[in-house]
Every structure is written in structure tokens, then in C-alpha cells.
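J.: Each chain is listed here by its residues.
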Amino acid sequence: MSEVGIEVAPLPASTKRGSAWAAPAGAIGRSRERLGWLLILPSLVVVVIVALFPLFETFRLSLTNTRLASAREPRFVGFANYEALLAATSPFWGALRNTLEFTIASVALETILGMIVALVIHSNFKGRGMVRAAILVPWAIPTVVSASMWQWMYHDVFGVINDLLVNRLHILDQKVAWLANPATALPAIIAVDVWKTTPFMALLLLAGLQVIPGDVYEASTVDGANKWQQFWQITLPLIRPALLVALIFRTLDAFRVFDVIYVMKGEASETISLAVLARRELIGNAKLGAGSAISVLIFLCIAALVVLYTRMVRVEEL
Amino acid sequence: MHDSSSTIARLMAETLTGNLSRRQVFRRAAALGVSAPLVSMLMRAGAAAAQESGAANTIPAPDQLADLGLPDLSGKEISIILGADGPVAPWEEAAVQTFSDVTGCKVTRIAGPESATERLAQYQQLLAAQSSDVDVMTIDVIWPGILASHAVDLTDAMKANKSTYFERIVQNNTVNGILVGIPWYTDAGILYYRTDLLEKYGIENPPATWDDLETAAQTIIDGERAENPDFQGFVWQGGAYEGLTCNALEWQVSNGGGVIVEEDLTVSVNNPQAIASFERARGWVGGISPEGVTTYKEEDARGVWQAGNAAFMRNWPYAYSLGQDPDSVIANKFDVTLVPKGDGDGAQHADCLGGWQMMVSKYSKAPEAATELARFMCSAPIQKAFAIDQSRLPTIPDLYDDADILEANPFFGRLKDVFLGGAVARPSTVTADLYNEVSTAYFTAVNEILTGQAEAAPRVEQLAKEIEGIVAEL
Chain A
1 MSEVGIEVAP
11 LPASTKRGSA
21 WAAPAGAIGR
31 SRERLGWLLI
41 LPSLVVVVIV
51 ALFPLFETFR
61 LSLTNTRLAS
71 AREPRFVGFA
81 NYEALLAATS
91 PFWGALRNTL
101 EFTIASVALE
111 TILGMIVALV
121 IHSNFKGRGM
131 VRAAILVPWA
141 IPTVVSASMW
151 QWMYHDVFGV
161 INDLLVNRLH
171 ILDQKVAWLA
181 NPATALPAII
191 AVDVWKTTPF
201 MALLLLAGLQ
211 VIPGDVYEAS
221 TVDGANKWQQ
231 FWQITLPLIR
241 PALLVALIFR
251 TLDAFRVFDV
261 IYVMKGEASE
271 TISLAVLARR
281 ELIGNAKLGA
291 GSAISVLIFL
301 CIAALVVLYT
311 RMVRVEEL
Chain B
1 MHDSSSTIAR
11 LMAETLTGNL
21 SRRQVFRRAA
31 ALGVSAPLVS
41 MLMRAGAAAA
51 QESGAANTIP
61 APDQLADLGL
71 PDLSGKEISI
81 ILGADGPVAP
91 WEEAAVQTFS
101 DVTGCKVTRI
111 AGPESATERL
121 AQYQQLLAAQ
131 SSDVDVMTID
141 VIWPGILASH
151 AVDLTDAMKA
161 NKSTYFERIV
171 QNNTVNGILV
181 GIPWYTDAGI
191 LYYRTDLLEK
201 YGIENPPATW
211 DDLETAAQTI
221 IDGERAENPD
231 FQGFVWQGGA
241 YEGLTCNALE
251 WQVSNGGGVI
261 VEEDLTVSVN
271 NPQAIASFER
281 ARGWVGGISP
291 EGVTTYKEED
301 ARGVWQAGNA
311 AFMRNWPYAY
321 SLGQDPDSVI
331 ANKFDVTLVP
341 KGDGDGAQHA
351 DCLGGWQMMV
361 SKYSKAPEAA
371 TELARFMCSA
381 PIQKAFAIDQ
391 SRLPTIPDLY
401 DDADILEANP
411 FFGRLKDVFL
421 GGAVARPSTV
431 TADLYNEVST
441 AYFTAVNEIL
451 TGQAEAAPRV
461 EQLAKEIEGI
471 VAEL
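First to last, the protein sequences are chains A and B.
Per my numbering: the first sequence = residues 1 to 318.
Per my numbering: the second sequence = residues 1 to 474.
Chain A on its own, in the form it takes in the complex:
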């Protein structure tokens, strides 16, 4: 009987001898293994309670037609909730499209603007500390508050944006109902998210910029590189890891967008996101089954995004 601890020593037996990976054999090995399990047990319990259990419970609910506070007996319905969600006329597709548009547009804009802001506040100028602090103000305001604030600013009759564009700058002939017009509603909401989250992006990128050693730039200047070449050949490759981490954070966050859309447009079809749709089914309609099915689909989409991004990071590392 081999006494190799399989869980902690996954190497083939042939490489065992002389390898630091091999677990010690015999009674000492067993007790060390037990200690190992004991030590990670608390974290395992926490993971099971806060992550795995809700996940499985959500998945289980999504296969039933459970309703909140209803006299109806919940029934197992198989994949009926998913079938209904993925049907051609289901609101799911509109919500998915809105969510993807929101995610792609907001993350792309935030990355570009965040990069510009980071480069500016990275350079040396008078009052840099002040500017760095000031730039964080939009990020510090709670989303519900800033969304309500922008809602009033976008107002078609007495909003400040219309007043500015029509009465002061004379760029537009007549006032636009930014949030009511289906063509401008989602872009208007994306603009609010960009306004709010660009500082966060800038901060993450600034951290990346600060670890690039200054002598690399000095050397390239000696070699005759101009600022433009320095950016593309030095800055960008060197902050790529920071950039990817920031992108992962923002994409996952944007894909679950709820508050800014819910406050500004409620459940209107032209802007509803997957998270707002899930709330509508779970809380509004008290359909725990259908709502859980949406939650599971959001989970799967996010899992796919994470796999995609981690692949990209790994490719970078090789």
C-alpha cells in the first residue's frame, strides 16, 4: 500500500524520488495531511456557505416555478423557464443586447479616457495632488445619487443640458428628450457611467504607470525616440498587466449594471439590462423560478467572460 497523499502530491510516482513535491510517507504524512485539511476547512466552509450554496440553490430554483408568498405549490418544471427565456419574443434578447452595448461602449470609452487622464495626472505639474483628488469626485458619489442628478440634468423641459445646448451655445435648434427618445436613452446612460467610472479606471492605470522605471524613458530619449513612440513602444507594453486587470474589473462590473439604469429608466424596454430584468422577475413579479433562470444565465455569461480574459492574461505571460 502506497502511503502517498494523492491530494497534495499529484505528481506521478516515477518522479517521486528526490522531488520536493512528494509528501512524506507513513503516519507523519497522514497527520500532516489531516492538519492541512483542518487548516483550510474554515475557508472551505465559508466558500460553500456564501458561494456554492446560493449558486446551487439559484440553479435548483430556476428549474421550478416557485413564487414568493404564493399559495401555489412549487413544481419542478425542468428547463421550461430557460425555454421561455430563450424564445424569440422573450425580453431576454433585448436585455442582452442592451447589456452588451452598455458594456462594450462604456468599458471602451472608460479605458481610453481613463488612459488619457492617467497620463495627465502621472506627469509632473503644480497642484497635481489637488487634481488627483478632484478627479475622484464622480467615483465617490453613490450611483443612485448621481443617476438622479443626471436624470434632472437630462430633463427635456428644464434640464441644464438642454438649456446649455439650445439657449446658451445654440448647437441644437430645439430641446431633446435625451432619456425619453429611444435612440438617445442608452447613449445618455452610458455617458453617465463613463463620467462616473473613468476616474476609477484612471486610478488603476496610474498605479500601473508608476511602477514603470524612469530610466527606460531616459534611455529611449537618448536613442532618439519621440513621445509618441515612447507611448506605443514602452508605456503601453509595460502597463498591459494593469490594463488587463482594470478591464476585467470593469467588464464584469458593467455586465451586471443595475442601479444607473434602474434609477434613470426603470424597466423601459429600450434600456433594460439583464440585472434589471432579473429584479423585475424576482421581486416585481415574485417569480423566483424565472428570475433565478435569468440569474443563472448572467452567471454563465460572466463565467465565459472570465475564462476569456484569463486566457488573454495567460497568453500575455507566455
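Hints were generated in silico from the structure; no laboratory data involved.
Backbone N, C-alpha and C fix where the C-beta goes; we use that ideal spot for every residue, glycine too.
Among the hints, erroneous ones may be present.
As the list claims (entries may be wrong) - Derived list of chain A stretches under chain B, where covered just means 3 residues or more per stretch with a C-beta under 8 Å from a C-beta of chain B: (1) 150-164; (2) 281-293.
What the hints assert, rightly or not - Among the chain B residues that face chain A by a calculated CB cut under 8 Å, a handful are: (3) Gln122; (4) Gln124; (5) Ser149; (6) Gln171; (7) Tyr201; (8) Gly202; (9) Asn205; (10) Ser268; (11) Asn271; (12) Gln453.
Since the structure of chain A is provided, determine the placement of chain B on it from the hints.
T.: Frame of chain A, contents of chain B only:
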């Protein structure tokens, strides 16, 4: 000696009227050498007096309520969820206190969330857990169907009040023969119009039909826009939420287009009159109504209206007293009437029914005491005080002829007809716990039509299929 005692008397008088702060009372009492127990007595009396003046009310004294025949409930303890903490809270506290004084029952008032959606979610969680923490709850007019399985039948309790309640509301609150809630106060959609502008443009009567309203609004816009480019003809609630269900239901019923889901559960929404009424409303957007109206809720509409920027508004009665506030630019320049009707077969005035009811949870540990409290809150004397003090519309028709109520709220008299005739209930009782789904499908579709994302006829056809799928579960 004489001097000192008269100063103390003056101090007491001023404290009792609430003119002095606690700190002032304390300082002056100390200067006069008043003993500590007397100071604390003064403070308590001052606080009580201040609270009383803050909650000025006409709730009858306990000895005047003998007619209600409330039993002795000494030793019982119950709790009731009433409105959110706000200007009405002291009044509610006083009403509940009166009940305690009469019956000896200890009542705890719990403030509910302000948002109706949040409140429903909270109730559903409480009731799903079969919690006995709350005995009496105030429920929206669209919830009896949703909450019926958790309610005590209040038919006998309502009869014990010996008042006739509005038949339509009682019908709405009755699910499978059980009275889920006693009507407490009511609400209805009404049309607000600017009397000064109608006069200025020679329009004699407030609009009775939608055609009249469109013509009048256009005339007034044409005149007013020269000076005020932001002026709007007609504002209402077009955002994708429950308020749009109320507005759109009024349009289609007033046009003879049915009530979405009829009593026998047939889905009637896909009919030419209903479609025509949605197309008409689509025509208002960007015309007599601002383009942004498709995102408006009650307060957005009132914002435009109360700034003097609209000729007509569809809203609930709460906007009346706010508009008559002395600071309001439209005070004494407006009046209310029924929501206009359409043309063609079956056209009628239709005003969407709102309002709140008192329900008793069947998980209550003291259901008799809870039932008595619900009955008391909805009784004629308390409703009368609620109408006079807080402008809430009574659910008892006779109260609309009451001279005291009419003196406090002159427009109530005209609303009696609304509740007797024109008030239209949303199909919440017949669709029971699926109402919210039906309403969500409905306002989503209508909002898409209003914003031009969908054509009325095909979208309504699809909507009918959606609603049929929902009610098939019943």
C-alpha cells in the same frame, strides 16, 4: 414673592404653548430658583403641548365614539403598519392612540416603506414567513388578489360599521367571497385644468372628450409658446411603471376598449378601440405633450404643471392641495374634472381607481383585536377626520355630502360621481397574484408604442398573447 410667582406662571404659560426651547426653559427656571421636579414637569408638559399642536386633528374624543360599539380589549397587544414616517405620521399616531384609549388595547404603529413596490415586497416576505409580528397592514387597491391567501375575512367587521362603502371598491377587495381589506381611503385619476388659460383663450367648458382636450391644448400652446417656449399642453404619467397602466387603462376604457382582462378571464386588450386609444396617445407625444412624457411619473408631471408650464394634467388628487399652496404660482388658477372620454361605441368617463385598504393578517395572534382596529380606522368618524385633516378621499359616499369635509376640500363634492360611476379598477382582483406580471407586460408594451419602438396593432396582438400566457397559469 408676588413678582416671582407671576414670572413662574408666565414661564409655565410660554412653555405650554411651545414658544420656548428646552434650553430656555431650563435657564429661566434655574434663574427663578424653581425646584428640579417642577422643571421636569414643565418640560414634559411643554413637549406634550408641542406634539399636540404639531398633530392638529379633528379626531373625535373617545367618549364620542360610543356608536362604534368597540369592545373592551384590555391586555391585548397588536401592531399595525401604516404610512411612511412623514407629515401624516403624527395624525396616524393620534388615531391609533384614540383606539387604545377607547378599548385599552396596546397598539404599536410601524412605519412602512414609502415606495409601494418595496412595501409589497416586505409584506410578501413577512407573510411568506407566516410572521405574527404584524397584525394589521395597509394594502394598495391592486393587492387584494395577491395577498388574499394570507387575509382574515373582514365582511362582518365592515358590516358592523353600519356605513355603506363604495360598491366598486368593496367588489375590488373581495376575492373568492372573502373581503380582504376594508376600504380606508381612495384615490382616482382626475384631470386638472387651468381656469385662467381656458378663459384667456375663450374656451368655455373644461374638455369632456379627448378631441376637446386636444383642440384646447393646441390652442393654448399656440398662444403661450410665443412667450414661454417650454409651455406644454397636457402632461401625464408615461414612464414604464404602474402609473402608465393607470393612464393607459383610462384611455382604453374611455374609448370603450375594455379592461385588459375581463371578469371571466378573457384577455380583451386586442381590440380596435383599445388600439385606437394607444395611437391617439402616441400622437400626443412630442405634440401637445412633451417628448419626455414617456419617462414621467407623478412628480415629473406635477413639476411641469405646478411651475405653470402646462394647461392640463392627469394626476391623483394629492396634487390639488399642493397646487393650492400659497407659494404655488398656479394657486386659485386651476380646477379639476373627470378624465375625458373618447368617441365611438361604449365611450365613457374612466378614472383609474387607487387607494388603500386595511387588511388583517391571518397569522395574527390577536385577530379579534386586529379586526376591531381595522374596522375602527375605516369607520365614518375616523375617515371624516382623515378627510378634513389630511385631504384623504373617504370610501363612504355619504361623507362627500358632509359640510365640514366640503368646507376643507371644496373639490371633493365633484369626485363623488367619479367613485359612484366612472372609477375603473385595474384587473387586479381577477388576475390575483399574477396581476403584477400582467401590468408589467401591459405598461412595457404601451411604453414601446408611445416611444415609437413598436407599431400599435402588432404590438397589442403580441401583448394579448403574453397576457394569455400569464393568465393561463391561474
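J.: All hints are to be evaluated individually against the structure, with a verdict given for each.
T.: So, going through the hints one by one against the coordinates:
1. Under a criterion of three residues with beta carbons nearer than 8 Å to beta carbons of chain B, the stated coverage of the region 150-164 of chain A is upheld, 4 such residues being counted.
2. With 5 residues carrying a beta carbon less than 8 Å from a beta carbon of chain B, the region 281-293 of chain A meets the three-residue requirement, and the given coverage holds.
3. Of the supplied interface hints, the one on glutamine 122/B is violated, with its beta-carbon coming no nearer than about 11 Å to a beta-carbon of chain A, more than 8 Å.
4. Checking glutamine 124/B against chain A by beta carbon gives a least distance of about 4 Å; that is within 8 Å, so the hint holds.
5. Taken as an interface hint, serine 149/B checks out: its beta carbon lies about 4 Å from the nearest beta carbon of chain A, inside 8 Å.
6. Interface hint at glutamine 171/B: violated, since its Cβ lies 21 Å from the closest Cβ of chain A, which is beyond the 8 Å cut-off.
7. At a threshold of 8 Å, the smallest CB-CB gap from tyrosine 201/B to chain A is about 21 Å, leaving the interface hint violated.
8. Interface restraint check for glycine 202/B: the shortest CB-CB distance to chain A comes to about 27 Å, outside 8 Å, so the restraint is violated.
9. A hinted interface residue such as asparagine 205/B counts as satisfied when its beta carbon comes closer than 8 Å to some beta carbon of chain A; here the least separation is about 28 Å, so the hint is violated.
10. Given the 8 Å rule on beta carbons, the hint for serine 268/B is violated: about 21 Å separates it from the nearest Cβ of chain A.
11. Of the supplied interface hints, the one on asparagine 271/B is violated, with its beta-carbon coming no nearer than about 21 Å to a beta-carbon of chain A, more than 8 Å.
12. A cut of 8 Å between beta carbons decides the hint on glutamine 453/B: the least distance to chain A is about 5 Å, and the hint holds.
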